[in-house]
Structures are given as C-alpha cells and as structure tokens.
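Novice: In case you want the letters, here they are:
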Amino acid sequence: MTRSTVSGATAAPRSRRSRAPGRTAAGRSAVGRLVFLGPGLAYLIVLLLVPLALVLSYTIFRRGRFGGVVYEATGENFTRLLDPLYLDVIVGSLKLASIATVIALLVGYPTAYLIAQLPRKWKTIALVAIVLPFWTNFLVRIYAWIVLLSGPGLVNSTLGDLGLGPFEFLYNQGTIVTGLVYSYLPLMVLPLYAAIEKLDPQLREASANLGARPARTFVSVTLPLTLPGVVTGCLFVFVPSFGNFIIPELLGGGRSIMVGNLIRDQFLKARDWPFGSTLALALLAVLVVLLLLQAWSARRA
Amino acid sequence: MRRPRLLYVPFWATYVFLYAPIAVLVVMSFNSGDSPYSFEGLSLKWYGELAGNAEIGKGLVNTLVVAAGSTVLSTVLGTLLAVGMARHSRSKVLDAIGVLPAVLPDLVLAIGLLVFYASIRMTLGLHSVLLAHTVFGMAFVAAVVRTRLAHADTSLEEASRDLGAGPVTTFFRITLPQLAPGIAAGALLAFTLSVDEFVIAFFTAAPTEPTLPIVIYSMVRFGVTPEINALATLLLAVSFTVVIVAQRMTRLTESLS
Numbered sequence: 001m002t003r004s005t006v007s008g009a010t011a012a013p014r015s016r017r018s019r020a021p022g023r024t025a026a027g028r029s030a031v032g033r034l035v036f037l038g039p040g041l042a043y044l045i046v047l048l049l050v051p052l053a054l055v056l057s058y059t060i061f062r063r064g065r066f067g068g069v070v071y072e073a074t075g076e077n078f079t080r081l082l083d084p085l086y087l088d089v090i091v092g093s094l095k096l097a098s099i100a101t102v103i104a105l106l107v108g109y110p111t112a113y114l115i116a117q118l119p120r121k122w123k124t125i126a127l128v129a130i131v132l133p134f135w136t137n138f139l140v141r142i143y144a145w146i147v148l149l150s151g152p153g154l155v156n157s158t159l160g161d162l163g164l165g166p167f168e169f170l171y172n173q174g175t176i177v178t179g180l181v182y183s184y185l186p187l188m189v190l191p192l193y194a195a196i197e198k199l200d201p202q203l204r205e206a207s208a209n210l211g212a213r214p215a216r217t218f219v220s221v222t223l224p225l226t227l228p229g230v231v232t233g234c235l236f237v238f239v240p241s242f243g244n245f246i247i248p249e250l251l252g253g254g255r256s257i258m259v260g261n262l263i264r265d266q267f268l269k270a271r272d273w274p275f276g277s278t279l280a281l282a283l284l285a286v287l288v289v290l291l292l293l294q295a296w297s298a299r300r301a
Numbered sequence: 001m002r003r004p005r006l007l008y009v010p011f012w013a014t015y016v017f018l019y020a021p022i023a024v025l026v027v028m029s030f031n032s033g034d035s036p037y038s039f040e041g042l043s044l045k046w047y048g049e050l051a052g053n054a055e056i057g058k059g060l061v062n063t064l065v066v067a068a069g070s071t072v073l074s075t076v077l078g079t080l081l082a083v084g085m086a087r088h089s090r091s092k093v094l095d096a097i098g099v100l101p102a103v104l105p106d107l108v109l110a111i112g113l114l115v116f117y118a119s120i121r122m123t124l125g126l127h128s129v130l131l132a133h134t135v136f137g138m139a140f141v142a143a144v145v146r147t148r149l150a151h152a153d154t155s156l157e158e159a160s161r162d163l164g165a166g167p168v169t170t171f172f173r174i175t176l177p178q179l180a181p182g183i184a185a186g187a188l189l190a191f192t193l194s195v196d197e198f199v200i201a202f203f204t205a206a207p208t209e210p211t212l213p214i215v216i217y218s219m220v221r222f223g224v225t226p227e228i229n230a231l232a233t234l235l236l237a238v239s240f241t242v243v244i245v246a247q248r249m250t251r252l253t254e255s256l257s
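Protein sequences appear in the order of chains A and B.
Just so you know, UniProt numbering puts 176 at position 176 of the first sequence, and the rest follows in order with no gaps.
Just so you know, UniProt numbering puts 223 at position 223 of the second sequence, and the rest follows in order with no gaps.
These are calculated hints, taken from the structure and not from any lab test.
Misleading hints may appear alongside valid ones.
[As the list claims (entries may be wrong)] Straight-line distance between alpha carbons at most 30 Å, and here's what the computed BS3-like set of lysine-lysine pairs gives:
| id | chain 1 | residue 1 | chain 2 | residue 2 |
| --- | --- | --- | --- | --- |
| 1 | A | K198 | A | K121 |
| 2 | B | K45 | B | K58 |
| 3 | A | K269 | A | K123 |
| 4 | A | K198 | B | K45 |
| 5 | B | K58 | A | K269 |
| 6 | A | K198 | A | K269 |
With the hints as extra help, turn the sequences into a complete structure.
Specialist: Structure representation (structure tokens):
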C-alpha cells in the first residue's frame, strides 16, 4: 500500500491500452465515464443545478397575486433588498454571525491548542468528545438551552436559591449568539486542531531559544502559521450561522429575526418566491465572497 | 512540550459548555414530576409517555424509511461517482459539482428543491424528502470513497486485467472489495446525516408525513414538555453509540491495513 497513487494511476491506462488492441483507449474510457459518472452527474444536474438555476432565474421575476410567479422581468426584488427593513435584517445577521464566530474562535483556539499538546491517547478522547455533541440532533441541543434558560428554567431557579433574579435570558440576541456558538463550536475546534497539530514544535523552540517570550512566540510564529486553520474554522462557524433560521426562531423568540427567517417566511408564509430567491442570492453572494477570501488566504499561506 | 496552565481554563470551559445542557436533558428525562425544570424523583414515566406518542412513532418510521432509501441511493450513486471522478475524469468543474451539495447552505438547497418540485408539479411526500437527502448524501459518500480510492493499490486492478478478467469482473471482485470500508463509512455518514436533517425535510416534506426532526421542531415550538427530554436522551444514546462504534471500526480497519 506504499506505492504512490500518482504513478499507479498513470500506469493503469497504459497497460490496458497495450492489452486491448481491438478497442481504443478513448472508447473504453468513454464507456467508463458514462457508467461511472453518468448516473451521479445526471442526478446532480436534475436535483441540484436545475433547482439552483430556477432560484436564480426567479430573482428577476415578479410574484403573482396569489403566490406563484409571473414571468415578467423586473428589478424590483433587488431594489426591495435595499429597503432598510430588509437591509437591517441582513446587516443584523452578519453582525450576530460575526460575534458568534469571534467567540467560537476565542474559546476554540486555546482548546484546540491544548488538545494538540495532549498525549496521543487523551488527544483522541478529547477530539471525540468535541465531535460527539455535533452528532446529536441539532433541535435537541437547541431545546436543551430552552430548558436551561427559560423563565422557570434551571439557571434561574439556581440563581433564585442564591437570592438573585429571575432574569429573562431567553429571546434576545445574546441567546441567539449562545445557541450559534454552542451548535458550531466543534466546527471551529477541528480545523484549528488540524493546523496546530501540523505545526513543527522546533519552530517554537527556536523562537524561545532566540529569546522570545511565549506571547511573542505565539503572535509571531504560532498564530501566522495556523492562520489557514483559523480562516477555515471561522468560515465553518460563520456559514451555517449566517443562514440559520431555527436558532433565531427557537431562542430568539421571533423578535430579532435573521435573514434565514426572512427567506423561510417568503417561501412558506408570504409566498413571495421571487423575493425569497433574491434574499437567498444575497446570502449566497456573501458566502461566495468569504470563500474567495479563504482561497486567497490559503494561497498566500 | 509545554502545556501552559492558563489554557486549562478555556479547555475545561469548552467541555462544560458542550456537555452541561446535554447532561441536564438526560437527568430531567428520568424526572418523576410534571415540571420540566425541577427534579422531584427518579422514574421512567416520560419514556412510557414517549412510547405511547403516535406522532413521534410516525415521525420515527418516516425518518427511518427516508434515511434507509436515501442511504442506498446515495451509496450506489456516490461510489460510482467517486470511482468516475478519480479514474475517468480530470475535470475541475466536475469536482466542484461533486462537493457543492456539501458546502451549499441547507436553506438554499431546500428552497431550490421546493421550487423545483413545484415547477414539475410533483406532490410532496416521503419520496420528495428521500430524493432531496440523496443530493447531499451522495456528495458525502463520494468524498469518503474518494479518500479511500487515493490510498487504493491500483496494481491489483492491473494484475486482475493482466490475468484476463474483464472490466466488470475486475470492478466487482477487486475495486469494490478494496473500497468496502470507505463505502461502509460513507453509507453510515449518509444515514446519520439523513436521520438528523431538518431544514431540507421541513421544506420538501408533506405536512401529513413529517420526519422525526419535524415532529421535534413542532413540539419544541409549542413549549417545553418532559417527553422531549426522554426522546432526546434516547437519540443521544443512539448517536453516541454510532459514533463510538464507527470510531472503533476505523481503528480496527486501520490496524488491519
């Protein structure tokens, strides 16, 4: 199994060609392409690319009076996007997702750093323990916070025993951020861990030997070298946070909605599919910009 | 290597933060009282209530049907796609399409499929969720199988062909068995993701045929009931078992190869 894949992959077609004089290599590989790539590709074209193209095309049409779409080109969906009513929601979502990402980074980095330094056996256990909550039902994890934070909930009753409160923890932006950090923290820790783990310890030793204090070593050596992990982790937290509609609805109480709620409502309540599609396009545009930034930072690193 | 003492504070804080809410749910699921907030005594009564809840039972059956169906479809399509992408194509565009379902926000895929189903006038039901889950299930299977393919020994396939086996025989007797652990891991992943998936199911399911996450969502929206604690504990137990078994399996296959 030690043989390099690259040489194996190039050697295979050559030997086949020499053995099958009757059929050309091109013909054989066309059959292979059809058999292997055909079904999956056809599936993805019909159920992924066509739906996305439909959503994209809806952005320039008008909604019908009773829902549905009137195929009449218009730019009004895009001008509506700039209405402060909607712009505030988009900016607000950007803000909440960014705060959640920064908090996850501040908590996740030291955790990932320490996990990377643990002895091998503990490392595996610590990593599995980070991932485990992520594999449990998302709604159940959000529900746990309602039990903890609601009016008569456990946090308030504990504080009550100490003579404090009761406080209104639920249904504000802080709860939404808590829910976002809680849900996506594992996605921050894993890429950070991968980046820190790869780091050559000799670099840090060299920095220390040259007289740098630990803080200086961290800022000038460790952090720059783990920056790709930081960017990936931030992206992994930001992307699902930005488009989320469940956490704002269950923990935000509907008072402070995010762009995800807006999109959901356009499709399932207001039945304005063209405007809902335009909001979805705005969401995608933000994410594409972030992905390009990540690709750029990865190339620089 | 040095482990700065100070780092243990955020380290343990992370684990407490991750597990405290889960621990509370588990403890409260064994509560004998009616309040979801104060613990009165040990009992299994909420598990009994749960077993008698027809809505949850229906959701569970629907979820298992969808997950099983989409796992089979995802595994077949994803495996073929992985082999095709690794051996029969060098297209970057194809690679991008292959990972798109995994990186696309679920909400965008959900509305896309809703719009698509509406435009071809397909009635929604379990089949529409099954087809939708296969879109991302296939992408994850393909990704896992491709990793396995990158480590597969192509000389075995060459030997099989040299010894006169046709491409079909070689594929079924050499390539597939080599990829089996990757295919199994991919199938497990597709199944777990489908069982847990809410957003896409929420948009593509018929109101009369909800999956389990949709049932949980409507229960949670209408307030806190201790039945959900019991359900949550059972779901946690299942996920934890699956993850730990999967972990053991990968370690076993790693030590074998």
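Novice: Would you mind marking each hint as holding or not holding in the structure?
Specialist: Structure-based check of each hint:
About 17 Å separates the Cα atoms of K198 (chain A) and K121 (chain A), which keeps this hinted pair within 30 Å; it holds. With a C-alpha separation of about 20 Å, the suggested pairing of K45 (chain B) with K58 (chain B) holds against the 30 Å cut-off. In summary, the hint linking K269 (chain A) to K123 (chain A) is not supported, as the alpha carbons are separated by about 47 Å, beyond the 30 Å threshold. A C-alpha spacing of about 50 Å is found between K198 (chain A) and K45 (chain B), which places the hinted pair above 30 Å, so the restraint is violated.
For the hint pairing K58 (chain B) with K269 (chain A), the CA-to-CA distance comes to about 26 Å; that is within 30 Å, so the pair holds. Restraint check: the Cα-Cα separation between K198 (chain A) and K269 (chain A) comes to about 49 Å, which exceeds 30 Å; the hinted pair is violated.
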